[in-house]
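Protein sequence lines correspond, in order, to chains A and B. If you use the numbering used here, the first sequence corresponds to residues 1 to 218, in order. If you use the numbering used here, the second sequence corresponds to residues 1001 to 1252, in order.
Just so you know, the hints here were simulated from the structure itself, not pulled from any lab data. For glycine and all other residues, C-beta sits at the position ideal for the given N, C-alpha and C. Please note that the accuracy of each hint is not assured.
Claimed, not checked - Label-pair ranges, simulated between beta-carbon atoms:
id, chain 1, residue 1, chain 2, residue 2, range
1, A, A10, B, S1151, 50 to 60 Å
2, A, L53, B, G1207, 53 to 63 Å
3, A, Q7, B, P1081, 46 to 56 Å
4, A, E113, B, G1043, 38 to 48 Å
5, A, E113, B, V1070, 27 to 37 Å
6, A, L21, B, S1042, 46 to 56 Å
7, A, V48, B, R1194, 51 to 61 Å
8, A, V48, B, R1152, 11 to 21 Å
9, A, L14, B, Q1092, 14 to 24 Å
10, A, L53, B, D1193, 54 to 64 Å
11, A, P40, B, G1104, 34 to 44 Å
12, A, R37, B, D1193, 26 to 36 Å
What the hints assert, rightly or not - Reference excerpt, derived from the structure (chain B facing chain A, CB under 7 Å, subset only):
id, residue
13, A1054
14, G1062
15, V1063
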Amino acid sequence: MTAELVQVTAFTVLMAAVATLVMLPPGVAVAWLLARREFPGRTILETVVSLPLVVPPVATGLILLKLFGRRGPLGAVLEPLGIDIVFTWRAVVVAMAVMGIPLLVRAARAGFEQADRRYEAIAATLGARPWRVFWTVSLPLARRGVLAGTVLGFSRAIGEFGATIMLAGALPGARTLSVAIYRNAELGRDAAAMTLIAAAVTIGFAAVYLSNRLGTAS
Amino acid sequence: MSVVRGGVEAAVVIDIRLRAGAFALDLRESIAARTVALFGPSGSGKTTTLDAVAGLRRPDAGVIRVGRHVLFDARRGVDVPPYDRKVGYVPQDLALFPHLDVRGNVLYGARRRAAERVPAASTVGNGGAGPGTHAAHASALEILEIDTLLSRRVDGLSGGERQRVALARALMTDPDLLLLDEPLAALDLGLRDRILPYLERVRDEIGTPMIYVSHAADEVRRMADHVLVLEAGRAVRSGAPADVLAQYAGGG
């Protein structure tokens, strides 16, 4: 049981960390776009990114399964490259990233919106091209929002269940905390489930506490 | 309209139309002067004009030229992005980067080679930026007495220090033109008298052409050799400060 606790917790944290790294570049890019640019389809993008928050996670998981399955549009592209997603650890990462990205985008966007555009304009007059302005001014000024969003996205990834079970199943050795808790409860192993719940609560507490600290400190 | 570069003066051409809601800016000026003041009440279009010259606001029509450099020409489709304009801008709120220290601010736009030669804080001694530094960089840091501030945090600076750091940051890019938006407005009277000599030294010793926005007549008289009086987006008077400002009281 202890072996399971350690293995499942380590696997969950590792997968959530990888998922966070995967969601950061597109999440921060979308957050910046929504905060700083007017373009056609802006509201559509805004809505699509938030969709995983309101659609049942199981439904999101099924959509991902159709997309990444061998006959799905993304699966068909990845399969010849030898990359299997569905029912592997990669599926866990994909499910976690998709479910976490709305929270990342929201917080990061707020961070960019709070940063005064005047600094970016002045950086440009000092000779900085847009890419340099982003890295040296926009991102540092939005860092609190981006960090808070990163922690939130990570926390959401840790707790992810519905999309994960659809896309990754409950393979032994590739079970997240939520999936393992569900399996143990289903099999009547309540003590094992409770131990895993304690781990989940601890990680969740630490993440939310950190996120709140980042949000309130100035 | 002809421009002498490397001679005595570089002409600045600001010939622009710009609408923003109910406000309309309409300037048709070609000025051969080193230090031009934009003078007028708030809302007359002074800051909008600076923003247009810096490339932060796009005019609807017209031409902006600094010396031989055409920065904007609506008819020919020229709109040089701000990072290629070589126009230094010190906005009224200064916009010092809050996440960088003084060194980070001052060196933000400096050429890399020059930046490497700026002394480390620990080796700063008797002023001056050290031998070998590009002349304009060295004199900007020296004239504005920045070297003792280099390792300070921006939010710990006094009003006058902030002003000097913002000026130095703009000058370190070796701009062809320097835009100053009410550089003394936020300072109390005593501090004004301390900062004005810095501005005069920048004008006289570095010699960067300037557009100087102010609503204080005495300041304009002291700093500028040409003044443009703006009212509601139009230039109502243009000429030497002594002639143009005769009707305005000295204070600000």
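For each hint, the structure was consulted:
Between A:A10 and B:S1151, the C-beta spacing of about 43 Å breaks the proposed range 50 to 60 Å. Distance hint for A:L53 and B:G1207: a CB-CB separation of about 59 Å, consistent with the stated range 53 to 63 Å. A:Q7 and B:P1081 have their C-beta atoms about 54 Å apart, which keeps the hinted 46 to 56 Å range intact. Take A:E113 and B:G1043: their Cβ atoms lie about 27 Å apart, and the range 38 to 48 Å is violated.
A beta carbon spacing of about 35 Å between A:E113 and B:V1070 agrees with the range 27 to 37 Å that was offered as a hint. In this structure the supplied range 46 to 56 Å holds for A:L21 paired with B:S1042, their Cβ-Cβ distance being about 49 Å. About 56 Å separates the C-beta atoms of A:V48 and B:R1194, a value consistent with the hinted range of 51 to 61 Å. Taking 11 to 21 Å as the suggested C-beta distance range, the pair A:V48 and B:R1152 does not conform, at roughly 46 Å.
For the hinted restraint 14 to 24 Å between A:L14 and B:Q1092, the CB-CB distance of approximately 51 Å leaves it violated. Separated by about 58 Å at the C-beta atoms, A:L53 and B:D1193 satisfy the suggested range of 54 to 64 Å. Taken as a hint, the range 34 to 44 Å holds for the pair A:P40 and B:G1104, whose Cβ atoms sit roughly 37 Å apart. One distance hint, 26 to 36 Å for the beta-carbon pair A:R37 and B:D1193, is violated here, with the actual separation near 45 Å.
Given hint, B:A1054 at the interface with chain A, holds; its Cβ is 5 Å from that chain's nearest Cβ, closer than 7 Å. Restraint check, B:G1062 versus chain A: the minimum CB separation of about 20 Å is more than 7 Å; hint violated. Nearest Cβ of chain A to the Cβ of B:V1063: about 20 Å, over the 7 Å cut. The hint is violated.
Checked against the numbered hints above, the structure breaks hints 1, 4, 8, 9, 12, 14, 15 and satisfies the rest.
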